[in-house]
Structures are given as structure tokens and as C-alpha cells.
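For chain B, the structure is supplied; the task is to place chain C on it using the hints.
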Amino acid sequence: MMDLLNILMTESFWAASLRIATPLIFGVLGALICERAGVLNLGIEGIFVVGAMCGWMAVWLGAGLWGGVLVAALAGAFFGLLHAILTVPLGLSQHVSGLGITLFATSVSYYTYRTALPDVSSPPRIEPFRALDIPILSDLPFLGPVLFQQTALTWLALLMVALVWYVMNRTALGVAIKAVGDNPGSVDAQGLSVYGLRMGAILAGSALMALGGAFLTMSAFDAFFFGMVNGRGWVCIALVIFASWRPGKALLGALLFGAFDALQVRLQTEMGALVPGQVFLMAPYILSIIALVIAARSADYPRALLTPWFKGQR
Amino acid sequence: MGWRQRQPDHFMTQSTALRLTGLSKRFGSVVANDDVSLTLEKGEVLALLGENGAGKTTLMNMLFGHYLPEAGTVEVADESGTLHALPLGHPQAALAAGVGMVHQHFALAENINALDNITLGSEPLHGFRRNRNSAKAKIDGIIERSGLNAPLNVPVGRLSVGERQRVEILKALYRDARILVLDEPTAVLTPQEADTLFDNIKAMTKDGLSVIFISHKLREVLAFSDRIAVLRHGKKVGEMATADADEKVIARMMVGADTPKVARTEMAPGAPVLKLSSISVEGRAKRDTLKGVNLTVNAHEILGIAGISGNGQSGLASVISGLAQPSAGTITVDDQDIPKPSPGAMVKAGIGRIPEDRHHEGIVGAMSVAENMVIERLDDPAIQSRGLLKRDAIQANAEKLAKAYDVRGPGVIAASRLLSGGNIQKLILARVFERSPRLILANQPTRGLDMGAAAEVGRRLLEARERGAGVVLISEDLDEILGLADRIVVIRDGNIVEAATHDREQIGLMMAGEPT
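Protein chains in written order, with the numbering used here: chain B, 54 to 367; chain C, 2 to 517.
Treat each hint with caution, since some may be false.
[Stated by the list, open to error] For lysine to aspartate or glutamate, the following DMTMM-like pairs were computed, each having C-alpha atoms within a straight-line distance of at most 25 Å:
{"hint": "1", "chain 1": "C", "residue 1": "Lys-276", "chain 2": "C", "residue 2": "Glu-481"}
{"hint": "2", "chain 1": "C", "residue 1": "Lys-287", "chain 2": "C", "residue 2": "Glu-357"}
{"hint": "3", "chain 1": "C", "residue 1": "Lys-404", "chain 2": "C", "residue 2": "Asp-381"}
{"hint": "4", "chain 1": "B", "residue 1": "Lys-364", "chain 2": "C", "residue 2": "Glu-124"}
{"hint": "5", "chain 1": "C", "residue 1": "Lys-207", "chain 2": "C", "residue 2": "Glu-124"}
{"hint": "6", "chain 1": "C", "residue 1": "Lys-341", "chain 2": "C", "residue 2": "Glu-283"}
{"hint": "7", "chain 1": "C", "residue 1": "Lys-137", "chain 2": "B", "residue 2": "Asp-241"}
{"hint": "8", "chain 1": "B", "residue 1": "Lys-364", "chain 2": "C", "residue 2": "Asp-184"}
{"hint": "9", "chain 1": "C", "residue 1": "Lys-391", "chain 2": "C", "residue 2": "Glu-357"}
{"hint": "10", "chain 1": "C", "residue 1": "Lys-292", "chain 2": "C", "residue 2": "Glu-240"}
{"hint": "11", "chain 1": "C", "residue 1": "Lys-137", "chain 2": "C", "residue 2": "Glu-185"}
{"hint": "12", "chain 1": "C", "residue 1": "Lys-203", "chain 2": "C", "residue 2": "Asp-79"}
{"hint": "13", "chain 1": "B", "residue 1": "Lys-364", "chain 2": "C", "residue 2": "Glu-42"}
{"hint": "14", "chain 1": "B", "residue 1": "Lys-364", "chain 2": "C", "residue 2": "Glu-71"}
{"hint": "15", "chain 1": "C", "residue 1": "Lys-43", "chain 2": "C", "residue 2": "Glu-80"}
{"hint": "16", "chain 1": "B", "residue 1": "Lys-364", "chain 2": "C", "residue 2": "Glu-185"}
{"hint": "17", "chain 1": "C", "residue 1": "Lys-218", "chain 2": "C", "residue 2": "Glu-477"}
{"hint": "18", "chain 1": "C", "residue 1": "Lys-139", "chain 2": "B", "residue 2": "Asp-241"}
{"hint": "19", "chain 1": "C", "residue 1": "Lys-218", "chain 2": "C", "residue 2": "Glu-42"}
{"hint": "20", "chain 1": "C", "residue 1": "Lys-401", "chain 2": "C", "residue 2": "Glu-464"}
{"hint": "21", "chain 1": "C", "residue 1": "Lys-341", "chain 2": "C", "residue 2": "Glu-357"}
{"hint": "22", "chain 1": "C", "residue 1": "Lys-249", "chain 2": "C", "residue 2": "Glu-45"}
{"hint": "23", "chain 1": "B", "residue 1": "Lys-364", "chain 2": "C", "residue 2": "Glu-76"}
{"hint": "24", "chain 1": "C", "residue 1": "Lys-203", "chain 2": "C", "residue 2": "Glu-435"}
{"hint": "25", "chain 1": "B", "residue 1": "Lys-364", "chain 2": "C", "residue 2": "Glu-111"}
{"hint": "26", "chain 1": "C", "residue 1": "Lys-203", "chain 2": "C", "residue 2": "Glu-221"}
{"hint": "27", "chain 1": "C", "residue 1": "Lys-287", "chain 2": "B", "residue 2": "Asp-241"}
{"hint": "28", "chain 1": "C", "residue 1": "Lys-276", "chain 2": "C", "residue 2": "Asp-336"}
{"hint": "29", "chain 1": "C", "residue 1": "Lys-401", "chain 2": "C", "residue 2": "Glu-435"}
{"hint": "30", "chain 1": "B", "residue 1": "Lys-302", "chain 2": "C", "residue 2": "Glu-111"}
Bear in mind the hints are in silico, worked out from the structure with no lab data behind them.
Looking at chain B on its own, in the form it has when it is part of the complex (with noise of 0.2 Å):
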């Protein structure tokens, strides 16, 4: 018990969830603009394995980070084309459209990697994201080390929370998102394009999820390589439902898993001895099922959800 609350007293604790809930706050925002929009995007670990591919390789082949950054959310936006060629226009089973995306853009990742990186027995390096000393702000106590020594895609990241809330909430934008994930047909009777919202909402929430993977490769670690993503995407479309399609909720979605996380690895080292390591690797996937269970009973899901609408047809 005492060890518990020694964890939770310190600050590298409280660093490293904000840190592992980073690219799922990514992913999470992604899903949720989505699936405001009525489409379901199951892609969302693939592309995860996209941007963490590209905007790696992009920094490799020297385009900078932030170059890295534009050409992971490209590419995130690209597959997510796709999906909103396949599900919007066509009307296509969104299941069946996201979960080849997630195995296509899986696949493809690998293979470009391999392609173009025939030889290399440990994956090559590249200078990620640094955090961001800020003077002052950085050196408060506890505050400090938690938040002001946190990499720019953090950041980011955060700021993203805010941006999504506002035009969800305050903007005509945002408004009509959440019409056409209700009733397409409230939006195509004054005159707006339900084809044109969702494509572009889906285009939008694919670039975030491919951010919560460049994350991955230009920040959390340095490198790329295989199974790094790790369900991290299946993690975001449950907690959206945890955060019942709300910015704000899925921020706070996003650090409880991280927080858990976190705590399991600390948990191990501290009790290993006593329960196999297993146990805790599994706890916050188990911890964010039982929170899902309960969530999900009230969960008011966007009424449009999955259904895809035709022009002309009632």
C-alpha cells in the first residue's frame, strides 16, 4: 500500500502517463471526429502503423521533424480517403472497410520499410523530438518536471483537445459535423453536402490518428520497428465510447489508461517477485474493459452511426 502511494507521489510517474496517453489523445480525437461524422473507422491501427512509418522515414531521409510531422498526417489522411471513398460515396460496411484498411496500411508500412531498408539488422536511429525545456515554468516543483518537460507532439497534442472541443462546440463546422453523424438527412435538406462533411471529417481524424503513431517513432522512441504500435489504435475506439464522443472525456479517457499504464510498469519492478509480470501488462487492458462496460450502458451513440446515407433515397 505504501508502495502505491510512494508511485503516485512521484513525479516520473505523472511524466510518464501524460507521455504514454500522448498518442492515444492523438488517436482518441481522430475516432471521435470520425465517428461525430457516422462513420466508424477501424483503420485507425493501421494508420497508426502509417504515421509512425512515414514520419520516421521522412526524418531519416532528412526532411526534418516537422517535416516528419506534415507527411505522417498526409499520409494518415490518405488511407483515410480511402475508407471515405469506400464507406461515404460507395456506402460500403464501415467493419469491413476499416479492418482492411488496418491490414493493408499495416502490410504496406512493413513493406516499404523492408524495401528500403534491405540490410539493417537493428533499426536505424533518428534525433526525435527533444523536450521542450521551458525556462522557469520547467524548473517548478512537481509542475515542472510533469508538464514543462514534455516533448513538442505532447503539446501538440493537448492543444488538439482544445481545437477539437472548440469547432465541435463553437463553430457552424463542428455543428454540422454532429447533424450529419446524427440525421445525413437534416443536413441535405438545408442545402450542406453530407458526402463532402464526412469525407472530410474522416480525412481529418485519420491525420490525428496518424500523429498518435509519428508520435511512436519521432518521440517516444527513435526508431521503427515491427509490433510497436500494439493495439494502441483498437485502445482509442474504446475509449471514445468512454468519453461518450466528447474532447474533453477523451483527454481524460486517454490519462487514466496512460496513468494505469504507467503504474503497472512501476508495479512490476516493485512486485515482480510476487506476480508474474503478465498480470500487470494485462491490467490496464482489463481495467479499461470494465471502464468501457460501465460507460458503454449509457453510451449515447451518434444515431447515424454506421449507416450509410444515398442522395434521393429516404
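Just chain C, lined up with the frame of chain B:
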């Protein structure tokens, strides 16, 4: 000379708000509209009448640009009264020309509030700031002038149907509609709400608004329109000033013949057939919930259940057909307790049901008409022996019933989903009545049927009553209940109150939950 010729034309367009000329539209081999022409004067209320499938909604959807006509033109007057041809097939163009349409099925997003629904599409999407105050001021102005009140700051999902209807109309008026098209605006309203709505609309026509409303309720058409146009089989078959019209003339025009008046003889009720004692059902939604309902249906009696949709009607229907388990109370059929109600037990006890959703709950669409006709008595030795179906007997039975009940379609071995709605209902009637049930549960039995088919349903229900069955008639159409029921109860909020009257006004107030 040219000037002289043009003058009368110009004089005419002064007051014409809308002119449809020669509109035609077909869907596959079905002609939905055939050379329909119509004019609407400024400040006029035109009622568009016709049976289901007569082409009313198709016509209005062409006007609004949802459908592209094969032939014909639409002209709309601008502010100065000059008619301009409208590019067809573009809702945007219709909106811009001042045509607003209120659909039968509301086009509202329920997760955003009324203000957002109203302003949706009228603001640029790339703006980073919204001017909600000026939008609100404009809407408040419209509300004040029209009397169409609705809360603006609550998600539309939490508004009542009447409020949603008003939001729909506000949406059109916000876009400066000068012509308002209402597709069956009162289908979901209480009689009082409907009257208020029409009063508001009448008031707005004084400011120059022109209105077309689609309806098949003759009463409100006669009470609130200035002129009536009737469609039948996609053609315009008549047009008259409302002052010159009466129900009989209009009905004849709609159906193309005199509707057979359903003959109804007075009859003394017999012994109780069905008794519900303090039945409660805890449903997921309000429409499935009953709160301690007591109800008796006697032989030789049609009991009408009046009420606004969603007040517990489906809960009541589910209990009587055995689909829902009551959490409290007892059900008896012919004085026999039904300890464990289930669909099978209720069928055995002699209850026949005409379900609300005839396509999904009434038939198995992929199975043949003949199979659907015996689906409730598969244990009958006449139908099967040792688990094997007697196909010849089934087919012979079907041919006999199809003849007796006038089920028309591609034949009894065809899939039942190929039948029209009216014929599906006849199939269900045949199946139910053939078993001579003690009690018939008829849930919205004429919804979506045309007058001829609806009259047939009414006749069959009265026949069953004569034979000694009890009938529970659940309907949202108060006129249907008033015409058929011996006794009327009102369902509201899961409670049932005896109406003890056939007075439309009083029952309407009870439906709305106001003290009488």
C-alpha cells in the same frame, strides 16, 4: 400590340406565387406523376389530397428538388411577383427561391439544439466564430410573428413532436420561405395541436406566405384550406374552392367511386373475453411502459384505444400478444388465468393479432404467401403430419383464403414481400380471422392503407364483432376509432382512462393530458 398582349399575363403573375406545369415522374415502371399542373396564389392555403400512392409527396419532392422530373416546369415568383423558372433537381435552388418544405419524417438532428438545426446550412462552414445572437434575434422575431413557439437551447431529441414540427417550420421561415410545403403536418399531433398549428399558418398567410399542405384528413382540409386539389394514380383529377366542397364529393374524387360506408349495427356486449388487472410493464421507453392498467374487453365489442403515439400503446400490444412479461398484474382470457404469458400461450388462448409493423412482424417476407397463411398453426394435423408439411393442403388453403379475402398479387407461391401493403394486411386478416379468434388485437390496422383497403379492414373487424369476438383497436387515427369502437379508452403515459364519450373534442383533451 405586344404590350397589350403581355398585360393580362403580367396582371396574372402579380398574385401567382407558384406554377407547376406538366410535371411527370416515373419510378421504374410505376408512373408516380403524370402531367400534373398546379398553381398557388399568394397568401393561399392549398390542400393537396389523395390516397396513399397517389403521388402527392412525389410532386412536392419535385418542387423542392429532391427528385428530378422527366417533364414539366416549376416557376416560382420572386419578391416583386414575377415568375422565374426554377432549375430542377436542386434543393439549394428551391431554398434560394423561397420554397421551404417540411417533411413528413422530420429532417432534424436530435443531438443539437433547435437554434443550430434552424441555422444549419445558412452560415459558412469555414467561419471560426458564429454570430448566434443575430440568428437568435431573427428567430425570436419569427416566433413572435408566427406564434410557433419552441425552446431553442435544448437538444431537439428532448422536444415533443409538436415542438419538433414547429422547429421544422421555423427552419423554413428562417430561410425566408414565401412558399411553405407541409407533408402531412398533423399526422403526429393531437387535434388541439393541429388546430393551433393551422391557426398559426392562417395568421402567416396574412403576411403573404403561401402554403401547400398534404393531408388525407378531410376534416382539417375542409376547416383550414382555401382550395383543394385532388390527385389519383398520379394525375390531378379535380380542383375546387373549399367553400364548394364537402366530404362526400372529395372522398369520391379521391377514390374514384363512392366509398362503401361501413355499416355498423348496435350490439349488446357479451361476457368479458379479456381482462387485464393492474398490469404493469417496465419498458425501456415510454411507449413500452404500462403503469397498473385495468382493462376489460367483452364479446361483441370493439374497444378503441385512443392516444398520441408513444404513450404505452406498444406496451399494451406486447402484453396482449404475449411478447412482454408484465412485472405485476394478471391477465385472464375467457376467465382463464394466463400464468405465463408468451406469444404461443396467447395464440392458444384464442388471441389473434394484427401487428403494427405488418412488414416485419406480420409476415416473413422471404416465405411464400401460402406458408405465411399457416404460420400460426403449424401443429395442425391438416397442415403437417409427423413434422412434414402437407404442401398441397397448404396451397389449397391459401388459394381458398386468397379468394375469400381478395389477396391480390403474383400468386400464393410467390414470396409474400412482393405483395403491396394493402394485400399484406389482407393476408394477415385472412390468417387471423380463419382461426375464429376469441379476441382480436388490431394495432394500427389501417395505417398506410388507402380508403378502399381501410374500409375493408373495418368491415372485417365489425364482422368478427358480430360473430362474438372482442376487438382491441389501437389507432392514432381518432376518426377511425370514433367510427368503429363501441367503447373508447384513452392511453396516456402508460395509464388508461375510460373516455365514456364519443366526443372528439373531449377525447382530444384527454389525449393531451389536460383536465376535462
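Here is how each hint holds up against the structure:
no., hint, verdict
1, C:Lys-276 x C:Glu-481, "holds (24 Å)"
2, C:Lys-287 x C:Glu-357, "holds (17 Å)"
3, C:Lys-404 x C:Asp-381, "holds (22 Å)"
4, B:Lys-364 x C:Glu-124, "holds (22 Å)"
5, C:Lys-207 x C:Glu-124, "violated (29 Å)"
6, C:Lys-341 x C:Glu-283, "holds (17 Å)"
7, C:Lys-137 x B:Asp-241, "holds (22 Å)"
8, B:Lys-364 x C:Asp-184, "holds (19 Å)"
9, C:Lys-391 x C:Glu-357, "violated (30 Å)"
10, C:Lys-292 x C:Glu-240, "violated (49 Å)"
11, C:Lys-137 x C:Glu-185, "violated (28 Å)"
12, C:Lys-203 x C:Asp-79, "holds (21 Å)"
13, B:Lys-364 x C:Glu-42, "violated (31 Å)"
14, B:Lys-364 x C:Glu-71, "holds (18 Å)"
15, C:Lys-43 x C:Glu-80, "holds (11 Å)"
16, B:Lys-364 x C:Glu-185, "holds (22 Å)"
17, C:Lys-218 x C:Glu-477, "holds (12 Å)"
18, C:Lys-139 x B:Asp-241, "holds (23 Å)"
19, C:Lys-218 x C:Glu-42, "holds (23 Å)"
20, C:Lys-401 x C:Glu-464, "holds (19 Å)"
21, C:Lys-341 x C:Glu-357, "holds (23 Å)"
22, C:Lys-249 x C:Glu-45, "holds (23 Å)"
23, B:Lys-364 x C:Glu-76, "holds (24 Å)"
24, C:Lys-203 x C:Glu-435, "violated (49 Å)"
25, B:Lys-364 x C:Glu-111, "holds (20 Å)"
26, C:Lys-203 x C:Glu-221, "holds (13 Å)"
27, C:Lys-287 x B:Asp-241, "violated (30 Å)"
28, C:Lys-276 x C:Asp-336, "holds (8 Å)"
29, C:Lys-401 x C:Glu-435, "holds (11 Å)"
30, B:Lys-302 x C:Glu-111, "holds (21 Å)"
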